[in-house]
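Residues per chain are reported as follows:
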Amino acid sequence: MRFLPTAIKNIFKKPFTYKYPYKPIILPQGFRGDFSWDRNKCIFCEVCERVCPAEAINVEKEKKNYEWDSGKCIFCAQCEENCPTKAIHFIEKMTQVDTERKIRKYQ
Amino acid sequence: MHDLMIPFGPAHPALPEPVYLKLFLEGEEIQDVDFSVGYNHKGIEKSLEEMDYIKSIFMAGRVCGICSSAHSTCYTQTVEKLLNIEIPNRARLIRTSIFELERLHSHLLWLGMFGHEMGFDTLFMLSFREREYVLDSLELITGKRVVHDINTIGGVRRDVSQETMSKVLKNLDILKDKVEHLQNLVEKDPIIKKRTVGIGKLDKKDVERLCLVGPVARASGIPYDIRKTDRYLAYDDLGFKIVVENDGDNFARTLVRIKEMLESIRLVKLAIKSIKPGIIKNKVVMNFPVDEAISRVEAPRGELIYYVKSNGSNKPARVKIRTPTYANILCLNKILVGHTLADVPVSLESLDPCLCCTDRLTVVRNGKEEIIKLEDLHGHH
Amino acid sequence: MVIIEVFFISIFLSFIYEGIIRKVAARMQNRIGPPIWQPILDFIKLLSKERFEVQNSNFSLVSFLSIISVIGLITIVFMFPFVGILNFNWDFILLIYLLVFSTACFILVGFSFPSPYPLIGSTREIILLLAYDFPLMIIILFFGINYQSIQFIPNNLILSFPLLFVSFLFITQAKVGLPPFNISEADQEIAASFLTECSGFELAMFNLAKSLKIFVMVSLTTIFFFNPPNIPMFFLTSLFVLFIGILLRVILARFRIDQGFKFLWIFLLPLIFIDIIKVII
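Protein chains in written order, with the numbering used here: chain A, 1 to 107; chain B, 1001 to 1381; chain C, 2001 to 2281.
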């Protein structure tokens, strides 16, 4: 019974729902979103591969290949913290939805 | 004697997590209850032995989704006890505020599920709307909404800026009015009182005999809270009151959790205002002695115990976790027998079961139970 | 023919009423609800799903009952004043029979399956039927003795019998299965009661029967207590009565079966007798 005045007031208020993805969303700074790797800064020291708890990064030093598995990554940002040249950064953008498993290969 | 057996089975619309209850009914009154857990066994204790200490902190934070920071903080505290190191003051206050924000989040989610079990969908929608303010605050501080990953050995991983702190304080001011409005709604509603007062009663003697923990014990008149006994993190400096009720039925457990929410809001505001400039992480030399350590915290559901044993290498030798729901679920027989089928979801939800933390391994051979020793399981060592 | 038009219009209107209930209840809870035509889309989707025949159940009886309950409810629509296809003097007795008939179909469905959940749902529905049918029959018989047929009910009876209107609102909530009386369809305790084992065509028909009950009971409330002269006023007062029903749904939790029984007999029967005795004396 105590909810009666709120119920009637709520009919005239705007709904609380945020209509994402029809409305764009502004994420706060420091949000751990998508993975990004800068080829020019990387020195292929393989520290990120060793620190990752989920074994999601695969580095090949001779052929200069770099792979990141989005299905295994737990977005903990250990690689970002331990990289000596700051080549890895988690940007403020949501990861995309896809229909099949893919490993992102950087050339 | 019963004439109907209803399987309140592993998959049921009332249960958020799987547990198997066998209810023996006569008419609509319950005569006997039999239950079994273990549908969510993930093998985390074994996989924690395969990783080194820093990687295993991330694994320990994923035992449960709702009480993630509680597990992570308790594990880090145990490992720091092994190494015998202290953490700086700024890190202690940041850890405390995230711990209490998570208690707020967990209790608001519980209030929504409690209303849903009674058929009161409006309370469910309202609580989940207020929860958005807490999740926004957590996202500003740590970068993620539910599983935070903010602890490391020696301190915290991220710093909080002045702008973030003022935004979080503004969110908490809005939230305090809304939680008081919810308290008014729940305490004086006639139908909620009719369905919860006098049902699922637990006396003081039952609580002591069955060793129950958390808000379930505090609603029966026993002032037992680890934040007061062990004085970990920053609770000693901030000053803290225990919330106790005396009736022991479903309604008392509701009141305890709502008052704890108001106390948490006060603690977080005080902790954030008393943060002083400083470092957030101490330098740690990872020389592990051959030793064992035990530590406990007050998770949102009760007392959580971690035991870590190390043998000198950089991986733990054995980790044992005792979650609060594992202790609380033994009282199901006492609170369900004698009441009707309509009271089963309400009473079960008032214990706040988080069954993904509870796992138990029982081997039944030829109809008898057996206990397997640790050395037989570690056959390859 | 006029019969076919009434048939389709009442089915369409019952879906729209159910959609209005979901949309307005969502707005009261501060969220965006589903669109108003959502029950029509649900019905069409369910017709294309597979029908499972459960072993050891009386499945042909269930299929037969699903169609009969819909037809029984649409027959009541033919008695409304401006539809006027069936008008004769003893239509109040036929009204009581048809209202109980649809609930009896649901109860029989619950006993046809070998599972515990429909069994408990049906026993609860029997107890609830006893609870709300006694006041309902008293009210309908009172109208039957004073005015010979539904066609002769005067306008705006709410001004002379306000307490009867309040009791009729609560009885509507109990009959239709909206909170606080959705005891027999409590899906937190008994997992969809008598509809647990139905799928496909039968489930679509039973959902249609539940929506038709809402349409019939709301229209009956409007005819008994307001009896507006033309069709647009009829819809406006129906929407007003529906709005009060939605308010009760949103602000109240669910009763237990014994508490519901006590409420319906101990609280409503004195209200009814007060208003009836005013006329007799």
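A hint or two may mislead.
Said to hold, decoys possible - A short, non-exhaustive set of chain C residues, derived as facing chain B with CB atoms under 7 Å:
# : residue
1 : Pro2179
2 : Asn2207
3 : Ala2253
As the list claims (entries may be wrong) - Under 7 Å between C-beta atoms, here's a sample of chain B residues computed to sit facing chain C:
# : residue
4 : Pro1190
5 : Ile1191
6 : Cys1331
7 : Pro1345
Stated by the list, open to error - Far from chain A, by Cβ distances over 12 Å, these chain B residues were calculated:
#  : residue
8  : Leu1021
9  : Gly1027
10 : Leu1123
11 : Gly1143
12 : Val1284
The set of hints was computed from the structure by calculation and includes no laboratory data. Glycine included, C-beta positions come from ideal geometry on N, C-alpha and C.
To see whether the hints hold, each was checked on the structure:
no. : hint    : in the structure
1   : Pro2179 : holds (6 Å)
2   : Asn2207 : violated (17 Å)
3   : Ala2253 : holds (4 Å)
4   : Pro1190 : violated (9 Å)
5   : Ile1191 : holds (4 Å)
6   : Cys1331 : violated (20 Å)
7   : Pro1345 : holds (5 Å)
8   : Leu1021 : holds (32 Å)
9   : Gly1027 : holds (32 Å)
10  : Leu1123 : violated (9 Å)
11  : Gly1143 : violated (5 Å)
12  : Val1284 : holds (15 Å)
Against the hints set out earlier in the document, violations occur for numbers 2, 4, 6, 10 and 11.
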